[in-house]
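Asker: Each chain, written out:
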Amino acid sequence: MADTVLSIRDLKKTFGALKATDGVSIDLRPGEIHALIGPNGAGKTTLIHQISGSIKPDSGSVHFLGEDVSRLGVAARARRGLGRSFQISSLAPEFSALRNVMLAVQSRQGSSFRFFGPVMADKSLTEPAMAMLERTGLAARAQVPAAALSHGERRQLEIAIALALGSKAFLFDEPMAGMGPEGSKALTAFLDTLRHEAPILLVEHDMDAVFALADRISVLVYGRIIASGTVDEIRNDPEVRRAYLGEAS
Amino acid sequence: MRDGQAMSRETLINILLAAALLALPFVAIAMEEPFYITLATRMAILALAAVGLNIALGLGGLISFGHAAFFGIGGYVAGIFASHAFNMEPMFSAPFEFSGSDQMPVIWLAAMLVSVFVAIPIGAISLRTSGVYFIMITLAFAQMIYYFAISWPAYGGEDGLSIITRNGFPGVNTANPLSFFLLCYGVLAVALLMFWLIQNSRFGAALQAGRQNEQRLAAVGIAPFRIRLVAFAISAAITGLAGALFADLNRFVSPSMLSWHMSGELIVLIILGGTARLFGPVAGAVLFVLFEFALGGITEHWQFFLGLILLGVVLFARGGLIGLVAGKARHG
Ligand SMILES: Nc1ncnc2c1ncn2[C@@H]1O[C@H](COP(=O)(O)OP(=O)(O)OP(=O)(O)O)[C@@H](O)[C@H]1O
Ligand SMILES: [Mg+2]
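These protein sequence lines are chains Y and X, in that order.
Residues 692 to 940 (this note's numbering) make up the first sequence, in order.
Residues 3 to 334 (this note's numbering) make up the second sequence, in order.
I should point out that these hints are in silico values taken from the structure, not numbers from a laboratory.
It is possible that part of the hints are untrue.
Stated by the list, open to error - Which chain Y residues face chain X? A few, computed with CB under 7 Å, are given here: (1) Arg770; (2) Gln797; (3) Ser802; (4) Ser803; (5) Pro872.
Note that beta-carbon positions come from the ideal geometry of N, C-alpha and C, so glycine has one too.
Using the sequences plus the hints, can you model the full thing?
Answerer: Laid out in structure tokens, this is it:
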């Protein structure tokens with residue numbers, strides 16, 4: 692436990708008759724990128740939701756930084772440093788990119804019950820937020836409402852927000868989706884450096900990115916982890932090839 | 003950067019509205035039509051009530067169909083305090099003896115405190131729901147308070163409660179209609195300043211983000227429930243304060259201040275004027291009282307025409323009057 696940042700034990704979740712999560716255990720160690728792959732509908736997003744707190748599992752536990760966070764809500768887990776991005780971008784659409792990041796900065800400062808003092812003139816909010824936009828390559832788009840950003844830019848913005856939260860672990864749900872090859876390449880390079888800041892649980896369909904980045908890969912099929920190992924182990928696992936990679940590669 | 007032109011146009015129309023409302027009673031005096039002073043005061047007070055609701059509804063997206071509860075509570079605080087003070091009979095004697103008050107500062111403070119005191123349990127329960135359930139639960143609470151007022155004979159029940167002489171304010175002759183108007187106008191100005199500060203503050207950022215996307219707010223570590231509960235309480239306090247002034251304007255308070263019609267009227271004011279816009283409630287109240295006065299003089303069915311206008315606003319001018327004139331709101 693000492694050198695796992697995030698540790699999920701035996702999570703189970705059913706939707707009616709469907710076992711969306713069927714006894715999943717997975718962990719995240721400092722400095723690593725742990726990729727979670729699997730076919731459509733395997734239960735990857737459902738798992739991310741349970742880790743971040745937006746779906747309550749039927750059973751099982753989530754430990755984060757040595758603390759049992761299983762009973763905590765989304766906001767409480769985020770404040771402890773669980774930063775996530777959404778498969779379908781989830782932003783404040785009317786707010787500019789900058790204001791979206793400022794919201795995370797203000798949350799980190801624990802100061803959402805201040806009723807006076809205009810935020811746009813508050814350098815302790817705008818400057819860190821701007822720095823995160825610069826790091827994610829969105830500085831030029833700072834004043835654009837989130838609703839007017841491209842799909843790829845929204846994903847970058849979600850990552851900027853997770854950075855601004857000072858996350859101690861990242862949960863990214865298909866951050867490459869909707870990005871062109873250029874964007875994917877740039878994001879791959881960025882995530883490669885980001886892992887040293889905080890480990891990443893990466894759900895991704897882009898196999899080039901997964902194979903380039905992952906320290907470990909877990910394969911989820913029908914709510915179960917059927918294999919877990921290094922890139923080479925997963926590539927050569929016959930069951931994985933049959934269940935998942937078979938047709939794809 | 004902000005859209006300078008649209009911003010300045012909105013600022014301009016805000017200044018015009020503020021000036022027009024302030025000028026109205028002076029025009030009334032010049033025309034020797036004192037009733038227009040009452041009209042202007044009514045506009046200011048309804049605007050104040052709607053500024054309160056605009057915090058919950060406009061900034062927070064919380065469609066409270068129960069704000070008449072706070073409006074009425076403020077009214078009853080004014081009425082009950084005044085009647086005890088007038089009859090010099092104690093309201094309660096423990097832990098200290100209290101015989102009401104005929105002083106507005108005391109009444110206002112009490113109206114706001116009681117409103118907050120009631121808003122917290124109502125909010126704590128209704129904010130666990132959303133959408134149409136939230137609308138219905140807030141309505142249900144307000145209706146409970148309405149029926150309670152009707153069936154409580156001590157303070158007039160169905161007949162309501164008169165305020166024999168308008169409550170006082172240190173250094174102001176409140177019996178003078180112009181002085182009372184200026185007092186209400188001043189309170190409205192302070193409330194608008196508060197709204198503006200809140201809108202641009204960290205709290206306001208969280209509140210507005212929660213309206214746009216609750217999931218996002220939670221994902222950055224801010225629990226939407228607490229933010230909304232506090233907003234609901236602030237909102238109730240301002241609407242309650244408006245209720246106290248309304249009772250003093252009419253020198254009368256009755257259960258109709260608590261009725262769902264009143265809640266609906268406040269929502270209508272905001273939609274007419276421009277949801278979440280600083281001066282939306284002012285524009286809405288001015289329009290509403292003008293319609294009521296102008297159309298009400300011609301036909302009993304003026305609300306039918308109000309309905310048509312409302313339909314037009316919802317279909318063609320989502321931003322209300324302010325949005326129509328000043329364009330879409332921008333959030334820096
Ligand atoms: N709230 C829900 N209610 C009922 N069923 C659900 C719910 N959410 C997800 N499911 C089902 O659970 C299964 C897993 O869905 P999930 O979105 O987690 O898959 P995924 O691995 O993320 O897929 P994709 O690669 O397409 O994003 C699917 O069959 C889905 O239809
Ligand atoms: Mg998914």
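Asker: A separate judgement is required for each hint: does it hold in the structure or not?
Answerer: Cross-check of the supplied hints:
Interface hint at Y:Arg770: satisfied, since its Cβ lies 4 Å from the closest Cβ of chain X, which is below the 7 Å cut-off. Annotation: interface hint on Y:Gln797 holds; nearest CB of chain X at approximately 5 Å, less than 7 Å. The closest approach between the C-beta of Y:Ser802 and any C-beta of chain X is roughly 6 Å, which is under the 7 Å cut-off, so the hint is satisfied. The beta carbon of Y:Ser803 comes within 5 Å of a beta carbon in chain X, closer than 7 Å, and the hint placing it at the interface holds.
The closest approach between the C-beta of Y:Pro872 and any C-beta of chain X is roughly 29 Å, which is over the 7 Å cut-off, so the hint fails.
Of the numbered hints given earlier, the model fails hint 5 alone.
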